[in-house]
Each structure stands twice: as structure tokens, then as C-alpha cells.
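Protein chains in written order, with this note's numbering: chain E, 1 to 219; chain Z, 1 to 950.
It cannot be assumed that every hint is accurate.
As the list claims (entries may be wrong) - Sample of chain Z residues facing chain E (criterion: CB under 8 Å; computed from the structure):
hint	residue
1	Ser-5
2	Ser-537
3	His-694
4	Leu-924
What the hints assert, rightly or not - Listed next, the stretches of chain E that the computed footprint assigns to chain Z, with coverage defined by at least 3 CB atoms under 8 Å from CB atoms of chain Z:
hint	stretch
5	22-32
6	142-148
Keep in mind the hints are simulated off the structure, nothing from the lab. Every value quoted in this text rests on a predicted model; they were computed, and no experiment measured them. Ideal Cβ positions, reconstructed from N, Cα and C, are used throughout, including at glycine.
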Amino acid sequence: MFEQTGPHATNLLVLKNILCLVFGVGVLWTIVLSGYELASSLYSLRAYSLLVVLLEGVCRYLTPASSSEISAIAKAKTKKHSKIFETFLVVLLSVCSVIGTHVVVVLFGAYVIENIEATFTLSLLVASLAFIRPLITLGRSAVINLLERQNIESEVKSFAVLVATWAGAFPIPLDWDRPWQVWPLTCSIGAILGELGASVYFLSVLWSKGGTQWKNKAR
Amino acid sequence: MTGLSPLVVEQCAVVAGLLAYLTGLVTVRPRPAGSPHDTLARYSNDSHMAVEKVVVVVIDALRADHLVTAAAPLMPYLQGQLASGAARGYVVHTAAPTVTLPRIKSLVTGSVPGFMDIIENFGAGELVDDNIIRRWAAQGRRIHLYGDDTWLKVFPSQFSKHQGVTSFFVTDYTEVDRNVTQHLTKVLPSDEWDVLILHYLGLDHIGHLEGPMSPLIGPKLLEMDAVVKNIHVTLEAKGLKYLVLVCGDHGMSDAGGHGGSSHSEVTTSALFLSNTIIKKRPEKVQEARQVDLAPTLGLLTGIGVPEGSVGRPITELLQNIPPEKRMALHSQAARQLLAIAKGSGLHLNHGNVELLFQQTTLLHERIVQDLRQNPAGSRPEVERVCKFYGDCQQEVSDALATRQQSYDLPIIYLATFALLMILAGCVWRQVKGGPLAPRKQVVGTTVGWCAGCTFLGWLLVCAGASGSKMCHLLQPSAWLLFMAFVYVMVALASSSSSSTITRNTHKPADNPGSKDAVHYFLMFGTCLHSLSLLGTSLVEEEHQTLYFFTTTLHLYLIFKIIRFNFQGSGACQGHKSSAYKTTSKEEDTSYLHLPTQVKQENRELSLLEKAYLPQNKILLLLALSLVLSRILRAWNATGDKWRHLEDLGDILRALGGRTLVLVVVAGLVLSFLILLHTSWPLVLIALIAVFGRHYPFLASGTFEAQIAYLAIICLYVYGLFKAKLIDLRAHSKVPKMTEEYDVEDDKMSTLLRYSYTALSLLCLLLQRIDNVGMLSLILLQNWILSRVLYRLALARYLSWEGAAMAISWLAFTHYFNQGNSNSLTTIDMSAGFVGVNSFHPLLHGILIATQTFGGTFLTYLAFLVHLASKDGSKERWQRQLYVWWCVRLATVTLYVLNVLCQRHHLFIWSVFTPKLLYEGAHVLVLCALTLYMWGVEKVCTLLEVTYRFE
């Protein structure tokens, strides 16, 4: 995938990943500083989700050409008024993904009525990290793309976030009674850590690639 | 094909090893160091100032907040006495297995009986240790006992008059107490007793039935209050020195049971009413330990402290005794405790206690001389001496009570080693795909040689560690270890000799299954689950781990199917069809190995149909099963941390009335639909009888329950007929050649189907009323998942080992869904008395075990039934059994190692050991399943052979 992108797009990608890193570290820092106080942590998590989605939207707006080929083809095919329809569809799918994530989290054992705010914050976070971002980048065909392993970046990020969130549930039953064991902080922190890990991985990949490019240029 | 026989033998060996391990967790009773002297004689001169009449009222499962720390006037008379200072109340802490027998022993001996006494709770033997009852009897006091007959098992000959009531009819809570109280009217006024022991069971039974919030608790406590008031008033009128002790043997958990170690179970109330104690109201509720009661009673009644007691006498209660005497008693008690500490090899911290004791003894002697010169003076000095002695006692007693257990380490090491060896063999076999590989027949001489070698080894080990119990041939542990080791040796010998022969003839592993990501996820999850048992909190919350994994598995499978669907429908259409082609081809080749498969085609789907997966249907079923998991998970809250939260079962019970009826009926209809395919009239009768058990048509549910039992037995016998295992028209019909292979399979699957139905009905019958709906959902999930997993495994989405592991998770999930946990508290005793009018310990035990492990067993069986009915080859379902066994054996071995390593852990007796018992029970469940399948298979084969030779 990286071969197809131009230098401008690569720079943007690097910038995006660095920003992701900064946001992630920032929200973790906020949560730690607040002493894992639930209400403020939930607030910062929601703000973080919104920020991440906004970042993705801005990136998409800046690099319309670098988005996946399928959506480009689709755009070429369709008329202009269907762009609004497309946006509407993406929003609809995003809302659906949040609701779907919420349902899955409940199926995993979260309370149905109790703590609904916490659960919803978690599903908002996970959905925005794992589903809404690919939806913005890839358009409505994101689901199929993800399933068919066509876009590596989105897939790896979504996968990392989902697995990390899943693994974040493990410390919950331990009887240490620490403040960070409160639902949904472990899973949220897991999700952010997964996101950070994926970002670092991409930066390292881009850096090594960039390094070779620069070497080639120097020769 | 070796079939299941090696597995059965191996399971016997493992069970023997586990039992040997359990016998290694022994109690070494603390003995005073030095020569055993006649302690009974030593105290004989104390009796001149003792209490003359003693009444001990034991109220089973009396919580601390029922009497001593109660906020509301639950027992008004006694609470009034407490408030006025006439009575002394204590919150009493008991030791871990909060079951009646060990607690009674603790009450009378002042020692902490071992954890393994819980096994003896059903079959109690005579208590041989020194205790207050024996001392009373030896002193010639007449002891009367009315109440729980556990006392009679422990003291068969000490009571001059007794009337036992049996403690196992949990459903009865009025008669059982009336039988005790009716004796009081005759006995109390008379003068023919010195010690009166009453043990009331009603409160415990109410707890088991309805929990501590039941409306029945209040009247019961009032009744107890009235009984004690009656006793107290009568004794006051007599004018003798008396002592009334009202105490519970253990507490009651917040869910109503007992046996575990939650705070409300290990705390109970004790109340002393006497005219010999000084009236004074303490500012706050005092605490004591159960082991303190025996020495206190002993000193108050002048019989001395029992030899093995690790408790300390409660100082405040002895204050009425003249100073000189009191100091002597305290000194004696402290000396005894120090002797015990020395005898059990306890290292007291820094030897301070000995020093304190010596100094106090010097002070004591001085004061005694002072007192001789001036009998009135030095009152505070006496108090100081008593306090110092008390401090000594406290220190030693605390140290002793926490370190009561010891281990027979040689036995434990050897048993662990044997289990590890067996596990290694099992894993080796599984990796090689060996269970179906030809194996050299084990001959008698090999066994003889191995037994001889084991015997030599035993001699060597015993030469080194002669102190172990293992070296006494009369102890069972020696024989159990012997069995396990002979198996290990034989397995080693046969594998080493056969591996040279069968190296080349190892046939290609048929149907290896696709070992893909799902398979590795299942492996990973199984390992993680086994490893999670190393931590106490994860043992307590084991169900969370399992629920989590099961849900993940569902989602993963759904994801995988959708993904495959997309890939298939997309560009790689050709790849998909080619994949299917190879799949069906492999099926074909694998089927060629099995002659029994030839007739399959007409009865079942054709091979092509088999490989094709109706994805939408499967997805729908998986989603339904996922939702079912969530509902089942919310039905019964279990574990430790979130146990108290309200669950669906609680809500149903609270709603009661029409909603509950609706849920029960819905559950029964659902189970009827699932179990329809066997003989439906019998199923219908049984289900109606199950309904009648909860909502009786006649007086009580007993008759209906008996009808249900009858229907279930009829169903099973009918199944035997159907499977032609019992044939009245013996061999009248000669089977045709074409049917030859068919007969056996038909027999097998028919019989298994009927067994499944009968067992499901039995479990439905035994469930609590709010759990009927839950069990029907479990049956539904079994039905769904055994089909789905079979289909998925057939279509290569999942390896067969993976399917087995998934079912094993599901079985455990269902175990916890029923409300069971890893604590002994949650065993539902009332299940043992459904439709049983008389007392048969074995029957009750079987019924309780069926109720507890029914869900697990049914899940395993459902998958086997489905496999056996769809697939004529025995190898497939036998392999499932092998996989289950391997997983179970690995878990158990790991756990046994864990207990060995963490034997000094703080929670070893409250968390790890109960879990060890449960792990053993799960091994037994699997053994029972294997044994049943083995028996069914053998009988079917045998009958088929006789048919053929007709």
C-alpha cells in the first residue's frame, strides 16, 4: 500500500501517526493525573474519541486522492449529489458501529442498565478507533475492505485496538482493588495502548522506508 | 483400534493418584511435648467450685448478626440479658470448612480439625481426641443430648440419654426443632442431668431453603429465644450454679448456604448466661474464637483444658473464681499451650513468650506467698499476673491456630510425580495421534515385573522417609500410590517396547483437521484458563474467565464465517470451489478407511451436502447462542466479589407468582420441544410431574417427584428396548447381512439419545424452581452448539480437537451458569431430598452430585450423542473423549503442582483446597462419562457379535 502513495501523502501519514501518538499519550496522562477519577476520565475519553475522529476527517479532507482506490472508483462513477449521500451513509454506519460495539460489550458481560454511561463511553472509544476511522478513510465499503484484508493500515490498527481492548478485560476480576480496575478504565486504557502500539509500528515502518528513500536520493 | 479401554485404565490410575494426594493433606494434631501423662487425673481436684449444671444450646448456622451484633430485636430476651450485662456475648470466629462436623469437633476439643474432615462429614467416626465431653463423662456427669445426630456419631457411648434428629432433611424446619424442644418439658425440671446439649437445625434448614433474608428466620429466632428463656428461668429457680452457652456452630453466607470462608460464614454468635460470671456490660462487642470455647467451658466446669486444645480461656468469664485458683488455672493453661507449641515444632517469635511466661511464673509465686500472709490484698497484682498469662496464651494460641495443618510431603511429592508422568504420556499420545495407533498388548508378566519394581521403589523410599503414612500398609495412601505407579511403569514399559515396532506402521493421521487460527486461539484460551487457576482471585472468579472466552469464541467464529463468506463471494470464487472440492475429496479418502461408513449415505446427507455450510443458518444459530450465553450468565451470580449482586434468579424469586409460573412453564415447554425426538408421552409425563413438584397438585411435591422418577426410569428402560439391548423376542429375527453394520450404530446412538433425555429430565427435576428456565436454556444451547460445532468441524472451519476444547469450555460455563462456584458454599443440599422420604446417604449424595455437575455432564454428552448419531465411526467421538481427558489431566496436574508450591499461602485452606476438591470432582465427572460410553460401546459390540454368530 505504501508504494502507491506519494511523498506528500507519506508526510501526512507520518504527521497523522505522530498526532495519534500525542493524543493517546495525552489522554493517558490526563487519566493518570486525575487519579483514575471516573467521571473526569470518562469525559477525557469521550473528548479523545472525538479528537481522533476529527483528525481522521481532516486527513481525509486534505488527501482525497490518496484514499483507497475503490472509493476513488466509486467517486468517479457517481454524481456529485451522491457525495452527500455517501457522507450520510458513513455517518449512519458510524452510529451503527457504535451501537453494535455497545451490544457486543454488553454480550461480553457489561451491565445492561447499570453503568450505562461508562459502557457507552467505552463503545464510543472502541468504535471510533476501530470502525469509524476506516469508515472515514475508505467510505462505506470499509467493512468489505477490512474483511478482505485490502487496506493494511486500517486493518492492523483496528485489529490492534480490538485485541488490546479484549486483553484489557483480564485485570478486572483480580482482587487488588486498585482505582484503575474500575470499569471501563482497564479496557479503555487497553484500547489506547493498542492504538499507540500500532502508531509506533507504522512510524517505524515509515521511518525505515523513508530512510531508504533518502539514502537513494543521496546516491 | 484400541477404543476406550486404555483411557478407562488411565483414569483409574489418575483417580488413585489424586486420592493419594488428598490423603497427603493430613492434619497432624498438636500434642504436648514430653511424656503423655494422665491429664484427666491432673484436674480432678478442681471440681469443688465448678459450675454444676451446664446447658449448651447449639443453633446451627446462627449468624453473628442474629444475636450478638443484631440491630433489631431478633431474640429479645437474650438481647435484653446482654444489654443488662447479665450475659456475655461474643462474635466467634470459626475455621475454614464451615460444615457442622468439623465445627462440633472444634467446639469440644478446642483444636482445629483438618480440612479433609469435610469428606467425613457424611460418615463421621468416633472422636478419639481428648475433649470436654469425654472429661465430663469420665467425671461421672450425666450428659443428655437432644438434636443433630452428628453428635451421636462422634460420641456413640458418652451420653446417658439421647435423642438424635437427622440433619439431612433440609426441607423440614419445624418438626426437626419440635422434636428437640419437646424433651425439655420433661428433662429441665428433673434432676437427672448435669450437662444438657441441644442442637437445633431449623435455622440452618431455612438458610439452605430460602436464605438469610427469608421471612421464616424471624419466627425461628423468636422460637429459639423462647427456648433459652425457658431454660434460663428454670435454672434460676433451682438456685444451683449454672451455665448456659448459646452458640452457633458456623455462620450462614449471604446466599444462605455454608461451607465456604466468607465473613458471614466464619463468624457466629456465642452467649454465656450464668450466675457465676460478674455482671458487667462491655462497651463493645467482644470477639473470640471457636477454639476458645472448649477451654473456657473446661475451666468453668472444673474439668480442665482438653489436651489438644489450642484455644485460650476467655478471661472475663473466669473472674468469679478466687484469685489463687484463677492464677493457677491460667498458669496451667499457658503451660499446656507452650507444651503443645513445643510439641508441634512451632518457632515462636524471638522466644519472647517463654521469657514472659517465666517472669510471670516468678511474679505468680511471689503473689501466692503474699496472699498467704494477707488474703485480702494485692488485688491488682493478681489481675496483672492473669493478664500476663493471658498474653502468653494469646500469642501461642494465635500461632497454633494459624499453623494447624501439616503435609505428608513424601506422599504429595510422589503423587504429583505420578500425575506428571501420566500427563506426559497423555500429551505424547495426543501429539503423536497415538490413541488409535496399534499398541502392543500388555501382558501379565509385564504388569508383574512393574509391580515388583514399584514394590522395590516403595521399600527404598520408606527406608528414607519412614515417618510418612505411606509406609504403613494399612493406610489407603500406600495402595493408591502403588496403583498409580504400577500404571506409570506399565505405560513406560509398553511404550518403550512398542515404539520400536510401530515406528513404521504408524498410519497416516486420518483427518488431521485444519489447525488454523481458531485452533490456536482455543489452545491459547485453554492454557490461559489452566494458568489462571494459579491465582486466588482468579480461582474465585473462574467463571468470569470462562464466560469471557466462550463469548470471544462465539464472536470469533461469527467473524470467521462472515470473512470467509466475503472472500468466497468476492474475487476468489474459484478458490472457494476448489477448496470445497479438496475438502470433499479428503472426506472421501478418510471415509475409505472406515468400512462402517458405507451405509451412511442413504440415511444422512450426502458428502457434498455435508461439506456445504448453510452459512446464514449457522450465523443465526451462533448469534442466538451468544445471546443465550449472556442471559445464562446473568441468571445466577456466582463467585466471590460480585456474588451479592441481584441476578435474574433473584428477580424471578422476588417476583414470584404468575411470572415465575410463566417462566417455569416456558422452560418446560422448551425442554419438551428439545427432548421430543425420544418417546414423547413419557417425556410429557415427566415434565408435567416436574411442574407438579414445584406447584403440587396434591399435598406436597413428593408424590409428583416420585412420578417423575418413575417416568425417567421407564424412559431409560424403553430406550434399552429401543436399542435392542433387551430383546424379549430373543433372536427371533435374524438380521440380514446388509443391516449388519447398521445395527450397532443404531443401538449406540439410540441408547445415547435416550440416556441424554433421561438425564436432562432428572436434572430438570432436581433444579430449584427459578433454575428450571435456566436449565432449559442450557439444553437449548447444547442443542445449538453441538450441531454448529459439528458442522463447522466437518466443513474444516474448526479442527476436531478445537471442537472438543470448545465443548469443554462450554461444559464449564454451564457448570457456573447453574450457580455453582469454587467454594463449598454453593452446593445445593436440598436437591438431595427431592421426592425422597427416608434417609439414604448414598442416594442423597448421588442426587446432589447430579444436580451440581448435571450441566457439565449434559454438555459433554450432547456433543457425543450428536457425533454418534451423525457419524458411524467410533473413532471420532472417542477422540473427543481423549482430548477432553488430556485437557482435564493437564489442568489437574498443573493445579496439584500449584497447591504443592503454594502450600504456605494464606488462602490455601479457604480457596485452593476447595478448588482442589472441585478439580477432583470434575475429573470424576469425566471418568463417569468415559466409563458410561465405554460400557455402552462394549455392550453394543458384544450384542452385535452375538447377532452375527446367530
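Hint check results:
no.: 1; hint: Ser-5; in the structure: violated (41 Å)
no.: 2; hint: Ser-537; in the structure: holds (4 Å)
no.: 3; hint: His-694; in the structure: violated (28 Å)
no.: 4; hint: Leu-924; in the structure: violated (27 Å)
no.: 5; hint: 22-32; in the structure: violated (count 0)
no.: 6; hint: 142-148; in the structure: holds (count 3)
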